[in-house]
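Listed in order, the protein sequences are those of chains A and B. Okay, so the first sequence: first residue is 0 according to numbering that gives the first Met the number 0, each after it adds one. Okay, so the second sequence: first residue is 0 according to numbering that gives the first Met the number 0, each after it adds one.
Think of the hints as simulated: they come from the structure by calculation, not from any bench. Ideal placement from N, C-alpha and C gives every residue a C-beta, glycine not left out. Careful, some of the hints might be misleading.
To be verified - The calculated DSSO-like cross-link candidates involving lysine-lysine, where the alpha carbons are at most 27 Å apart (straight line), are:
#: 1; chain 1: A; residue 1: K205; chain 2: B; residue 2: K242
#: 2; chain 1: A; residue 1: K486; chain 2: B; residue 2: K212
#: 3; chain 1: B; residue 1: K168; chain 2: B; residue 2: K99
#: 4; chain 1: B; residue 1: K291; chain 2: A; residue 2: K205
#: 5; chain 1: A; residue 1: K315; chain 2: A; residue 2: K333
#: 6; chain 1: A; residue 1: K273; chain 2: A; residue 2: K294
#: 7; chain 1: B; residue 1: K73; chain 2: B; residue 2: K187
#: 8; chain 1: B; residue 1: K360; chain 2: B; residue 2: K411
#: 9; chain 1: B; residue 1: K431; chain 2: A; residue 2: K484
#: 10; chain 1: A; residue 1: K205; chain 2: B; residue 2: K168
#: 11; chain 1: B; residue 1: K360; chain 2: A; residue 2: K484
#: 12; chain 1: B; residue 1: K212; chain 2: B; residue 2: K168
#: 13; chain 1: A; residue 1: K416; chain 2: A; residue 2: K337
#: 14; chain 1: A; residue 1: K182; chain 2: B; residue 2: K187
#: 15; chain 1: B; residue 1: K242; chain 2: B; residue 2: K212
#: 16; chain 1: B; residue 1: K101; chain 2: A; residue 2: K182
#: 17; chain 1: A; residue 1: K47; chain 2: A; residue 2: K127
#: 18; chain 1: A; residue 1: K205; chain 2: B; residue 2: K322
#: 19; chain 1: B; residue 1: K187; chain 2: A; residue 2: K486
As the list claims (entries may be wrong) - If you want the footprint, here are the derived chain B segments under chain A, 3+ residues with CB under 8 Å:
#: 20; stretch: 0-14
#: 21; stretch: 43-54
#: 22; stretch: 113-127
#: 23; stretch: 232-241
Unchecked claim - Facing chain B, according to a computed beta carbon distance under 10 Å, are these residues of chain A, among others:
#: 24; residue: S216
#: 25; residue: S231
#: 26; residue: H247
#: 27; residue: S318
#: 28; residue: E326
#: 29; residue: C354
#: 30; residue: V393
#: 31; residue: A445
#: 32; residue: G485
#: 33; residue: T487
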Amino acid sequence: MADSGVTDEPGTKDDVHRAKTEGKELSKEEKQRLRKEKKQQKKNKEKKDEKASHESEKKKNKEEKPVSAAAPASQPPTQPSTQKAVPAPAPVPVPVSETPALADKPAKTKADLKAERRARQEAERASKQAATSKPKAPPNELQPVVKRLPEHVQVDNPGVLKKLAKKLERQQTPGCNAATNAKIPLRLDYGYKVSLFSHLHQYSRKAPLTQQLSIPSTVIHPAIVRLGLQYSQGIVAGSNARSVALLHAFKQVIRDYTTPPNEELSRDLVNKLKPYISFLSQCRPLSASMGNAIKYIKKEISNIPSQCKEEEAKRKLLSCIDCYIDEKIILAAKAIAKSSIEKISNGDVILVYGCSSLVNHILCEAFEKNIKFRVIVVDSRPRLEGREALRRLVQRGISCTYVLISAVSYILPEVSKVFLGAHALLANGYVMSRVGTSQIALVAKAFNVPVLVCCETYKFCERVQTDSFVSNELDDPDDLIVTRKGKTQLEHWQDVPSLGLLNLVYDVTPPDFVDLVITDLGMIPCTSVPVVLRVKNVDQ
Amino acid sequence: MELQAVLMAAGGGSRMTDLTYNTPKPMLPVGNKPLMWYPLNLLERVGFEEVIVITTKEVQKMMATDPKMKIDVKMKLDVVCIQEDGDMGTADALRHIQQKIKTDVLVVSCDLITDVALHEVVDLFRAHNATLAMLMSNAHEFTETVPGQKGKKKTAEQRDFVGVDQSGKRLLFMANEADLEDGLSIRKSIMRKHPRMHIKTGLVDAHLYCLKKAVVDFLADNKSISSIRGELVPYLVRKQFSKTTNSPKIKDDNLKQLLISSRDEPLLQLAQERSCWNDHRGDMSEAYHGGKLRCYVHIIDQGLCCRVNTLAAYIEANRLAPKLFEEPAVHPSAVISERCQMGSDSIIGALCQVADKTSIKRSTLGNSTTVKEKVKVTNSIIMHGVTIEEGCNIQGSVICSNAVIGRGADLKYCLVGNGQRIEPEGEVHSHKHTK
């Protein structure tokens, strides 16, 4: 880079000298310098985005003036990316001519040394560019090999939003009319977002995505539109229910699918599913279990041999889906119930939180086996899902107590065990579940009450998270508004500029608070999750 | 394909025979567009590409010649003609086209003028997997004097009683006053499941229904049902709570047909079981009380939704409909002299000729109408091809196509039929001048 050459002018000679003696050190220092230059470039880029490019040009011109000798006469354009490209080819011929010059070291002019240094820097940068992925957002600067942040947690970065909009535009289902420029609509965020969570999406339930779609939906399969609506309105809620409903919708899509001519089912069907998945993730962010199910289906589709006939292929896929649901959800629930019943003894007082389909299943099974226990259902606003859990347990005949989460420390002395459901189990042993779960686990730990988490293996996910801020879901803030005695206090919350309503959906519980995880593979401690994931990957 | 649209345009307009004895109701001009253009435009805006239009041969001929229909409507219209004798009800018409119906159907009546967001109705239909979803609106009273009526006459419309649940979306009860002899009786099973019910009487049914395909097949087998609004909808609403629908053994074959379950029913059941959602709370039953037949309604409070089936509604529609669209009030081909006083809420059609010293306020002039000098037109609807001679004073009237109003006539709250002539210097008040 032209400007970097300038800043390092005083140390040039020393570095070149050191280069001959210790090649390694120089490259390390150069790496540091490169990092600094990158940072400066980023700063320049950001400043440019806000102000006129004119000013940044001036800055660069100033820096470039002394380095006029070897730098090409053309003032490189304002984009630093092209800046990199333009000097790069220019010095490339230079090192070729200068490598013989390197041999006779002392008799070198200042300009030659400068050009040499720049050439070396460019060469190293080019090689590094080839090796690493594109640097994305500022946090990734410090590591040479960057890991991409998923798009759904970069909502406050306008560049990422633009990219998402473009991606949705490009995802057109093939075969639709050329006249109808069909694309997946982009759902807009709603209301003021609390600054700590401004990198997440926040949608309003009153503005469904179907507003922007045509009514006999041709772009997206009707089953998927129905599913998206049910997700966004909360009619299908809960990790297992969402996965089952997703697979059911995919079955309908596969049934209605016909391979276009000159296309292969294994490739075309996967492409067909991509816009549907983006549509669903706009309606409600995908859960870890849904993600795993989608990965499984995509793998099954790609594994279909090309000489397979369409009817047979479809039949195979449908039976794969049925198999998956049977194994991973229904049978897993049975296995987990069987293991958990060993842990429930007569006279137990079990505490459950919210409405987990798996925990409810376990308790009902235990009741069928005539174990005498009673249940305390803890509930929290705004979802108040505990009411549904309470209804299902009482309908079976189990004696229950119902409290709100604010009373959990009063009721814990009575409790002998805590059973929690999970939305996902992360690779570092953290449990991601409904917001409030970590609080219950913490209080239970304080009272020395064992906490057991029940989770099927298909919910295990390779993500690593240690706090609830980085990746979460923001629900509709208007859900927090409640009307009591005819008065709705928060009705005009949007008019108050300093007020933000936050409706979090998930939180993570550290493995220190969880005593046992009951899965269909057995009862494992929280820290064994990576082992299970490794075994699963080997299997596949 | 998700939904097929069906436009019912074979109605006779039995409550406004003065207007429809010559022009069929679907082609009556409202804001200088044929009445059936409005629902077609609604369907087109929302994204439909094909509509099945059920109509009579006469209307089909008129549609082919009308410039508005040919140019503005871009969708593919599949016109199905039925006999004009008027024996066919809407359900009969649906039965007639049963072969063409391949998916769920959206039935619209040709006399509906609305700007509702249609996705609200269809979302209810999709999200809850409903059998029926319909649209209703809170009615407004018509305040304008209706021409041809001597004095203010209270319309003897039979009231509709509509019962909805607390959320205002689920349809629990629907009956017309004519069917209730002594009083309104509500079954205990409904009260047990939905203890809080709101009963509304002032609602206008927009005659826009989303029906499942199974309902159309059910109609094909039950030839006794002839009207959607009058018989099918109350039947479906009643059957939501019928014991036979909710018991595992369904004896009635008819109902069995209605409750045709989709493939993968056990998967759907599993998803519903595992989902922690319920549409009501307070009792021990699962979501929807386990009922498979569900009827939903979307009630709009604001916005325009009117059905043009009486004269009063026709006049109201003429006033409100032009606000829906941003077309210029004066058609570019109309010739209007400079000394004409035209209010901003008047509409002048194509090829009109308006002479000097005329005053046109709050009125609609149809295509090819000639208005001579010194004419005052207030609050009136003038259809196509009318000639109004000098010095006339027309107030609050409806003049049908091709009529001629003689010189110096004074018309107040009149209805002049098709092709009629008003004598010069005639004074007509509150009279229907038809053949």
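We went through each hint and held it up to the structure:
no., hint, verdict
1, A:K205 with B:K242, "violated, 35 Å"
2, A:K486 with B:K212, "violated, 44 Å"
3, B:K168 with B:K99, "violated, 30 Å"
4, B:K291 with A:K205, "holds, 26 Å"
5, A:K315 with A:K333, "holds, 26 Å"
6, A:K273 with A:K294, "holds, 12 Å"
7, B:K73 with B:K187, "violated, 50 Å"
8, B:K360 with B:K411, "holds, 14 Å"
9, B:K431 with A:K484, "violated, 56 Å"
10, A:K205 with B:K168, "holds, 15 Å"
11, B:K360 with A:K484, "violated, 50 Å"
12, B:K212 with B:K168, "holds, 22 Å"
13, A:K416 with A:K337, "holds, 17 Å"
14, A:K182 with B:K187, "violated, 49 Å"
15, B:K242 with B:K212, "holds, 23 Å"
16, B:K101 with A:K182, "holds, 26 Å"
17, A:K47 with A:K127, "holds, 25 Å"
18, A:K205 with B:K322, "holds, 26 Å"
19, B:K187 with A:K486, "violated, 33 Å"
20, 0-14, "holds (count 5)"
21, 43-54, "holds (count 4)"
22, 113-127, "holds (count 8)"
23, 232-241, "violated (count 0)"
24, S216, "holds, 6 Å"
25, S231, "holds, 9 Å"
26, H247, "holds, 4 Å"
27, S318, "violated, 12 Å"
28, E326, "violated, 14 Å"
29, C354, "holds, 4 Å"
30, V393, "holds, 7 Å"
31, A445, "violated, 28 Å"
32, G485, "violated, 16 Å"
33, T487, "violated, 17 Å"
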